[in-house]
Amino acid sequence: MHNKSVAELSRELESGKISSVELTQQFLDRIKREDGQFNSFITVTEEQALADAKAADEQRAAGNATLWTGVPFAHKDIFCTTGVRTTCGSKMLENFVPPYDATVTENFRNAGAVCLGKTNMDEFAMGSSTESSYFGATTNPWGLSQGDKRVPGGSSGGSAAAVAARLVPAATATDTGGSIRQPAALCGITGLKPTYGRVSRYGMIAFASSLDQGGTMARTAEDNALMLNVMAGYDPKDSTSVDREVPDYTATLNEPLKGLRIGLPKEYFSDQLSPAMEQQVRNAVKEYEKLGATVKEVSLPNARLAIAAYYVIAPAEASANLSRFDGARYGYRCADPKDLMDMYTRTRAEGFGAEVKRRILVGTYALSAGYFDAYYLKAQKVRRLIQQDFVNAFKDVDVLMSPTTPSPAFIQGEKTNDPVTMYLEDVFTIAVNLAGVPAMSVPAGFVDGLPVGLQMIGDYFSEARLLNAAHLFQQATDWHQREAQ
Amino acid sequence: MTISRKDIEKVAVLARIRVDEEQVSALEKDLGNILDLVDQLAAADTANVEPLAHPLDAVQRLRADEVTESNQREAFQAIAPATENGLYLVPRVIE
Numbered sequence: 204m205h206n207k208s209v210a211e212l213s214r215e216l217e218s219g220k221i222s223s224v225e226l227t228q229q230f231l232d233r234i235k236r237e238d239g240q241f242n243s244f245i246t247v248t249e250e251q252a253l254a255d256a257k258a259a260d261e262q263r264a265a266g267n268a269t270l271w272t273g274v275p276f277a278h279k280d281i282f283c284t285t286g287v288r289t290t291c292g293s294k295m296l297e298n299f300v301p302p303y304d305a306t307v308t309e310n311f312r313n314a315g316a317v318c319l320g321k322t323n324m325d326e327f328a329m330g331s332s333t334e335s336s337y338f339g340a341t342t343n344p345w346g347l348s349q350g351d352k353r354v355p356g357g358s359s360g361g362s363a364a365a366v367a368a369r370l371v372p373a374a375t376a377t378d379t380g381g382s383i384r385q386p387a388a389l390c391g392i393t394g395l396k397p398t399y400g401r402v403s404r405y406g407m408i409a410f411a412s413s414l415d416q417g418g419t420m421a422r423t424a425e426d427n428a429l430m431l432n433v434m435a436g437y438d439p440k441d442s443t444s445v446d447r448e449v450p451d452y453t454a455t456l457n458e459p460l461k462g463l464r465i466g467l468p469k470e471y472f473s474d475q476l477s478p479a480m481e482q483q484v485r486n487a488v489k490e491y492e493k494l495g496a497t498v499k500e501v502s503l504p505n506a507r508l509a510i511a512a513y514y515v516i517a518p519a520e521a522s523a524n525l526s527r528f529d530g531a532r533y534g535y536r537c538a539d540p541k542d543l544m545d546m547y548t549r550t551r552a553e554g555f556g557a558e559v560k561r562r563i564l565v566g567t568y569a570l571s572a573g574y575f576d577a578y579y580l581k582a583q584k585v586r587r588l589i590q591q592d593f594v595n596a597f598k599d600v601d602v603l604m605s606p607t608t609p610s611p612a613f614i615q616g617e618k619t620n621d622p623v624t625m626y627l628e629d630v631f632t633i634a635v636n637l638a639g640v641p642a643m644s645v646p647a648g649f650v651d652g653l654p655v656g657l658q659m660i661g662d663y664f665s666e667a668r669l670l671n672a673a674h675l676f677q678q679a680t681d682w683h684q685r686e687a688q
Numbered sequence: 002m003t004i005s006r007k008d009i010e011k012v013a014v015l016a017r018i019r020v021d022e023e024q025v026s027a028l029e030k031d032l033g034n035i036l037d038l039v040d041q042l043a044a045a046d047t048a049n050v051e052p053l054a055h056p057l058d059a060v061q062r063l064r065a066d067e068v069t070e071s072n073q074r075e076a077f078q079a080i081a082p083a084t085e086n087g088l089y090l091v092p093r094v095i096e
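Residue numbers (our numbering), protein chains in the order written: chain Y, 204 to 688; chain V, 2 to 96.
In case anyone wonders, no lab produced these hints; they're calculated from the structure.
Be aware that one or more of the hints could be misleading.
If you want the footprint, here are the derived chain Y segments under chain V, 3+ residues with CB under 8 Å [as the list claims (entries may be wrong)]:
| no. | stretch |
| --- | --- |
| 1 | 441-448 |
| 2 | 527-534 |
| 3 | 539-552 |
| 4 | 575-582 |
| 5 | 672-679 |
Predicted, not measured: the structure shown is a model, and the values here were computed from it.
The beta-carbon is built from N, C-alpha and C at its ideal position, and this holds for glycine as well.
With the hints as constraints, model all of the structure from the sequences given.
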């Protein structure tokens, strides 16, 4: 059962071949047996999951099942879950048990899905390797059989590793600069970052509010569509969520791709990209040509400024968002504070890890008196230029294709000593968040036995078209079905 | 552009993060490298470009000024480090 997709498991449950309690127990047993080597979960909620599975079976018996009723999945530990601790990968929230649900949590609950636990992540979603988690690094299932401990990418590395290792069929994730697409690529699974505002951010612990977006991870595009059907929609509790109709993302999965116009941004096929990686991506594009697509080269002239703009905007917004962690109302508080200032400064020095502190300090600097115009305002202007590049590109093409990452999964510890080297990991993904457009990563081959991701970027609210293109690619290839040994 | 020891000490106070003396050198290097990375923005021509705050240029929505939340003081304070009589306790502020 652990090799089946969400769509298949849903059919098994519907046919009565297996109950949700049995299915849930199988996945829980698998997590217990296997996750020691991956550390993809921070918290496993066995008792709650079995109770939810029992309730799901009763729902089904009463004839009230949805497609998700009784299907197991996991949440990235950034989504608040009532009564279940939500750590965001930080010592600051090690014992934080939220008194409310994120809207995304509530949506899956209402659909009857069974949450098995909370997955590991870079602290406060700041990272590209899931090594900055207070709860220890997550290890990529790929490479282990060669004796290598490789990163799963990040920040949603726990969700990606858990799906790749078949510990859950699907998991939620978030993407601020590539945190869904990069780990999906490095773990050989399929991930989608929707348009900014498509999925509610309410109860999703904030990192950089103008960039953060919740999204989906699973092995197939079809399962990503099933997840987005549950997650997308207007939420009055999120002031930046968009009030716009949500289509059934599964309805158009099989639309023919004849006439699909693909653009290849020349800036993303630069010398940063290894020839072996480029070959895999070009092969995938050829597959699309066979399916009837046309291909042309396009340009995103300002994309080279994306990392610079991001590392002003994201830290600036993070410094404001994370000011709420003050030791007064919830979360960690230092021992024996001698006065209020001592409580603030030691609580934050002890509760945050090194990367989070670096980003708060950079952001505070960029927003401080005398620097605001030179950094934050300038970065927002460059952000407009980057957005315009995408707007212009989508006048001529329907979807942009590129590699998701410049290279496959790297060895743990290789990039932890130099923050800037780690930042360059997101060189192909970060502009998408600045523009706010949707994008996916889809398995598209292997280099040295490690998965390669094809990034597909669409115009605003074109998630259905992206999922359609990814689905038909997966009907023609089997990269997404490969399993790490 | 490099960042000085004095800048780091000032920013640490603004950010309410205690930075010990022996950490300053490492931060000087790391923050300096990050600022070097972002300095390429300076060369971009942004004359007559409007700053972008929301990708869809949405503006803040307003709602009716009505009470929509119920009082959940007990639930919220149950997870606080220290409370008394419904109040959050912090170290003495006024002598």
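To see whether the hints hold, each was checked on the structure:
Taking a C-beta to C-beta cut-off of 8 Å, the stretch 441-448 of chain Y contributes 3 residues in contact with chain V, enough for the three needed, and the coverage statement holds. Counting residues of the stretch 527-534 of chain Y whose beta carbon lies closer than 8 Å to any beta carbon of chain V gives 6, which reaches the threshold of three, so the coverage claim holds. Counting residues of the stretch 539-552 of chain Y whose CB lies closer than 8 Å to any CB of chain V gives 12, which reaches the minimum of 3, so the coverage claim holds. For the stretch 575-582 of chain Y, the proposed coverage by chain V is satisfied: 5 residues have a C-beta within less than 8 Å of a C-beta in that chain, meeting the threshold of three.
Only when three residues or more bring their CB closer than 8 Å to a CB of chain V does the claim for the stretch 672-679 of chain Y stand; here the count is 0, and the claim is violated.
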